[in-house]
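If you're matching positions, the sequence shown starts at 785 in the working numbering and goes up one per residue.
Please keep in mind that the hints were generated in silico from the structure rather than gathered at the bench.
Errors might be hidden in some of the hints.
[Claimed, not checked] Below, computed lysine to aspartate or glutamate pairings styled on DMTMM-like, alpha-carbon distance capped at 25 Å:
1) 833 x 881
2) 991 x 949
3) 1002 x 1056
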Amino acid sequence: MMRQRAVAAASLASVGAAAAATGRSSCSSASGGTATTGDRNWGAPRPPKTLPALGGANAGGGVLLLSDLDGTLYSHAPGAEGARSLARFNRHWLKAEDERSILCYNTARNMKDYRDLVAAGLAKDPPSVLLVPDVLCTGGGTAVQFRDPATGALEPDVGWSARVEAEWAPVLPEIGEWLAAFDEGHIDDLNTEPDARAALTVWGPAKAALARDALRAKLGDRVTIVVMESWVAGAWMVTASPPTATKRNVAVYVAEKLGVRHADCLWAGDTEGDESMLDSGMRGVCVRNATPGLLAAMRDKVQRVGADVMHASGHSTTGVHEALQIHQHSRGAARF
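Please construct the entire structure, taking both the sequences and the accompanying hints into account.
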């Protein structure tokens, strides 16, 4: 394990150094950098591992961290601090958590958008390098992949995909009509991946509300609708997905499949796209830069049902890092 940790740390350093030296966003092989096009190992590579058992008493003290990316674990703030914060988080994870814990990204991005984020991070100066996760949930809960313990490759969970596809296929004609009527196309290729989800972008929250209301009138509870600010400044995103495919539901599925108690889970988010996690029964954190809508929902859940969620003092990556350390130091406590 100590050798694996040293290899991972050295690999992470080499990825950052190579990106800084070349300024390129292209990816090298999984053995010496991030993964190549066509490979599913996206991010700074770590040696394959058998995921730790977090069930029962969890004597090892591990955690299943389920983090959003944009604005949460991955900062888009100008300057170098975002990259430095992510580097600090990565070093902490590899040193203190990797052997005992499970890293899961739970993002609204589809696989193409996720790969674009990794490439854009490598092109930064200094680079923002994401570790390859142990579990990758994309499309706001429409797809999930688990790292193979032998090869380290991210492999799709066929059972989850079948569940969401069965709900999605009957509503596709109406979804197509909705996209044609409202999508302004501020983010390219949102609907090119085979995820059971459709997304459109418009300028501003007023137009987003109109698109949401139109789809709700058309399909009712046959779809889940999420409205949120996108990662493109000024553009709002409205997504439609099967009722099963939410961040909350896929997080619960991942925990159950891995045998992890909710007490050993920690989620992190920053926008209304993470609001379903407030109903997960897991401990959570809204980073300091969380949107007013998510913070209002958080306060409501804390007051009405006692949800165990904190508002971090740190922005983005720093807030996730802060909550992770508090969670690990407050084990056994009823609340944060």
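Q: List, from low to high, the hint numbers that the structure doesn't satisfy.
A: Checked against the structure, the only hint that fails is number 2, while the rest are satisfied.
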